[in-house]
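Starting from the structure of chain A, add chains B, C and D where the hints point.
4 protein chains.
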Amino acid sequence: MSKYRVLIEADDEKGLVHKVSSIFYHYDLNILSNSEYVDNENNKFFMRSVVDGDVNQKELKDSILSVLPKKSSVKVIDPKKKNIIIMATKELHALGDILIRHEADELEANILAVISNYDILESLVLKFGIPYITISPEGLDRSQHEQKIIKCIDDFENVDYIVLAKYMRILTPRFVETYENKIINIHHSFLPAFIGANPYKQAYDRGVKIIGATAHFVNNNLDEGPIIAQEVIHVDHAYSWKDMQRSGKDVEKVVLSRALKLALEDRIFVFANKTVIF
Amino acid sequence: MSKYRVLIEADDEKGLVHKVSSIFYHYDLNILSNSEYVDNENNKFFMRSVVDGDVNQKELKDSILSVLPKKSSVKVIDPKKKNIIIMATKELHALGDILIRHEADELEANILAVISNYDILESLVLKFGIPYITISPEGLDRSQHEQKIIKCIDDFENVDYIVLAKYMRILTPRFVETYENKIINIHHSFLPAFIGANPYKQAYDRGVKIIGATAHFVNNNLDEGPIIAQEVIHVDHAYSWKDMQRSGKDVEKVVLSRALKLALEDRIFVFANKTVIF
Amino acid sequence: MSKYRVLIEADDEKGLVHKVSSIFYHYDLNILSNSEYVDNENNKFFMRSVVDGDVNQKELKDSILSVLPKKSSVKVIDPKKKNIIIMATKELHALGDILIRHEADELEANILAVISNYDILESLVLKFGIPYITISPEGLDRSQHEQKIIKCIDDFENVDYIVLAKYMRILTPRFVETYENKIINIHHSFLPAFIGANPYKQAYDRGVKIIGATAHFVNNNLDEGPIIAQEVIHVDHAYSWKDMQRSGKDVEKVVLSRALKLALEDRIFVFANKTVIF
Amino acid sequence: MSKYRVLIEADDEKGLVHKVSSIFYHYDLNILSNSEYVDNENNKFFMRSVVDGDVNQKELKDSILSVLPKKSSVKVIDPKKKNIIIMATKELHALGDILIRHEADELEANILAVISNYDILESLVLKFGIPYITISPEGLDRSQHEQKIIKCIDDFENVDYIVLAKYMRILTPRFVETYENKIINIHHSFLPAFIGANPYKQAYDRGVKIIGATAHFVNNNLDEGPIIAQEVIHVDHAYSWKDMQRSGKDVEKVVLSRALKLALEDRIFVFANKTVIF
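Chains as they are written, first to last, in our numbering: chain A, 1 to 278; chain B, 1001 to 1278; chain C, 2001 to 2278; chain D, 3001 to 3278.
None of these hints come from the bench; they were simulated from the model.
All the given hints hold, so there is nothing to weed out.
Label pairs and their calculated CB-CB ranges:
hint: 1; chain 1: A; residue 1: Gly139; chain 2: C; residue 2: Asp2205; range: 39 to 45 angstroms
hint: 2; chain 1: B; residue 1: Lys1242; chain 2: A; residue 2: Asn110; range: 52 to 58 angstroms
hint: 3; chain 1: D; residue 1: Asn3273; chain 2: A; residue 2: Asp119; range: 47 to 53 angstroms
hint: 4; chain 1: B; residue 1: Lys1075; chain 2: A; residue 2: Asn56; range: 35 to 41 angstroms
hint: 5; chain 1: C; residue 1: Ser2143; chain 2: B; residue 2: Gly1129; range: 37 to 43 angstroms
hint: 6; chain 1: A; residue 1: Ile170; chain 2: C; residue 2: Ser2143; range: 44 to 50 angstroms
hint: 7; chain 1: B; residue 1: Lys1071; chain 2: D; residue 2: Phe3271; range: 55 to 61 angstroms
hint: 8; chain 1: C; residue 1: Asp2205; chain 2: A; residue 2: Glu180; range: 18 to 24 angstroms
hint: 9; chain 1: A; residue 1: Gly129; chain 2: C; residue 2: Asn2221; range: 50 to 56 angstroms
hint: 10; chain 1: A; residue 1: Ile170; chain 2: C; residue 2: Asn2220; range: 32 to 38 angstroms
hint: 11; chain 1: C; residue 1: Glu2180; chain 2: B; residue 2: Asp1243; range: 27 to 33 angstroms
One side only, chain C facing chain B, incomplete, derived with CB under 10 angstroms:
hint: 12; residue: Ser2033
hint: 13; residue: Leu2092
hint: 14; residue: Leu2095
hint: 15; residue: Gly2096
hint: 16; residue: Asp2097
hint: 17; residue: Glu2103
hint: 18; residue: Ala2104
hint: 19; residue: Glu2106
hint: 20; residue: Leu2124
hint: 21; residue: Lys2127
hint: 22; residue: Phe2128
hint: 23; residue: Ala2238
hint: 24; residue: Asp2250
hint: 25; residue: Lys2253
Every residue gets a Cβ at the ideal spot worked out from N, C-alpha and C, and that includes glycine.
So that you can see chain A by itself, here it is in the shape it has in the complex (with noise of 0.2 angstroms):
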């Protein structure tokens, strides 16, 4: 008896759901938990469920396929651990409270290695018997610089997602398009508040009253990709701008482990540049 998670995306029309339980009826799959949404402005359906049972993984991926409309898309994975590779830069709250997760077995994830444009964050890192890569920038330009991290993700086999915890550079859009929807950034505000460079600072001058973060999948546009999730913590005016970035930390993390969480157990579709999440 195995476990699956059967993810389906498709043009919405009448029996959908009725089509494909008939199929898991049909396999005599056991229903665990069972989700659908349907996006009537674009007619588009999403179902994630998880079933229990003895079958095939092609041949129940394949009979669903067969009674949905063309050009759907139809997954069926076996929950494993997937493989991730973390970037950063130099703060190491993110990572941090990445690599404790993994140390405590709370992810269903294998990290392959950190890569960061420095070394400051080595020493952590090797002592949780990751392997760290240093890929610095210097005396490169930023194409040649993500030229060499590029090669180096490729060295590794079947990655799933490339987590960026506060790795602080650009990514030019031949990066971003080599890993659609498999890379996922931490931003320091409550996007689309605060786009761009030093958010703590942006909200400090501005004087608000709420911070926050935002896990993205990233695309071409900087801080523009589809939103995964969101936290604010709320601030006064005695707050500094150290301060908020301080107190952000907090946020950051939580943030991006719950995305990261959401990615690993599958539970996350992108269309139209947002997230359907069950």
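This is chains B, C and D only, laid out in the frame that chain A set:
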């Protein structure tokens, strides 16, 4: 074309989603939204669907029942305004919030009357053109007083919910049994903390850093009925218990209105002294 | 024995707390509460004390001024109900919340009138015995319309605050300058995200996971005045922008009422387009 | 030029702020921040100031004491890293969060050692270069076991705080009295709800819609010590108690770290089994 809410409660077994969705398909109904949950501990299946189509309500219900295990419960509800009676005592914040929402046509409800043990809130309620009935407990024992209230409520037809908007008298088992899972109360603490009288004073004495409110169905044990909604706010040492009470009012009214809205939209199942909310 | 709120704004220098508290001591005043803040960036000192005793208001003010740096501001306020005018358009949730709080005597305010560009809310407001003045913009250009509103407001004496409870027209610089830091607006987003029209639609299109509301003083630049209070709620993919709008109303009314309460209790300093709130 | 934290606790009387600030002025100290609170119920005055200047610590303390009522308490603290010992059992999330913050130099603390009744967390702790001491309870009664722990702690000098990062054994009155208001515990519920064992199971059984965590000083009555910080998260019917436990971990670690930070920054007064926090 009509829209129906279908609520199903059944012993869980394989194929329920398939069977129910087959019937929707058979009647050419469009599923607008669909939620399911299985309580594994009690082997109970819950489902709430909103469907759209041309079908006889009774026939749909019977068809669904015919494919479910014995002793299942099916409701096919034509969404229309429900009839509610509000009971209050002296405070107007929770009552007032409901009156304003009613005036703004935010609630799927007809307010049949407000019943109170005092006439303090009468002028406010009458402004909104809603009957106000004072049933004074003076000279009556608890049982006699309630007897009068029950008689008064019985004079109204088809009462769907009784909302205790800070009604400050304890109800007898007799009353509660008469309106099982129809009475919604707001308790001014995050239950099960601070059961009983003056929870804000209790909270102050304990030195808590959060206070809250809980909306729940009323059962025979004081403040122990199934919880529908809860919310909290942060407080600090500078709050007197009167300050807590003042600030708490904002939470109370929000939580009670949220619970009422869930009830009016037929989103709540009650089972094993808990709620399943879709 | 009287209670006074003392508000001080001064260029910071050593000994200010000492100097001010010496004067309180000299006049045998009891300090009931005391808050201070130094804005180091602008070298500004802010202090709010509530004192209790027998003293001439004017004399106390002058004594404090005499020990402060030049160009300091001192207010000695006898706490009493402030006069407010509410402006609204068609939505009643924010207005209704203020009316109910006013009725419950929760606000230190007299509501002089509600002014609107429509008569839609008239019957509700009149129920509460508050004058309702419709100033229709029909046949008038913006400037003429505002001219009529200003004239109407000027007919009232001692207007302390103008509360825009979802007043949906943009005010001209002329209007705003006339009532500097006296106009409190509620904007239906967590500013500075989604400035301008229909922020819920903007939020929906961006696929955010939190929506919010911001209460702020109005200045010449749309939605850029000093922020008083902000709050958010979580949403998910299943929210249409209409759903966001509906849910957002609960945040809007809470935030506006909170900001109004802070203003009525003389807890807000405005400096450098920000607020200091004690 | 040095910076000092001045903490004052005194019976309240008129003129205290004046008297204390006069002394700051006399010594030419600059007040960087200042907080006061009067507990009217107990007639107690609390004050925390951060001052900056050139002064002898002992002299400043004595000068302040000389102007306060008898039996006042004054601390003049030179902010430097405090010494803490962490006690843990098997779970690493709360401990791990503190270790990462320590590594990131976010905490004003030296971690002298981690003491545990098991060796499960040893390899993690040693990675960070921190001593790990396993004191197994095997073959010992509670009192003997604690005796060994006390002896172990006594071997360290100047222990400021003992942090119970999910230490799952109950401490005896003897232990607690030895370290009065020095032991910070994290309880996995929003106290006073769900005192005692397995609060998540209790919360699940009660069907609550929020769960939480409470950091508090430990006193003789289980889970009844002065509360420092509390936080909650929302849950729904779909959470098993294991899910609650998993999600609760994120709250536990945040709340414990927040409480620890407050303690390390000398922001907490304890009085009448409550905390005053500046």
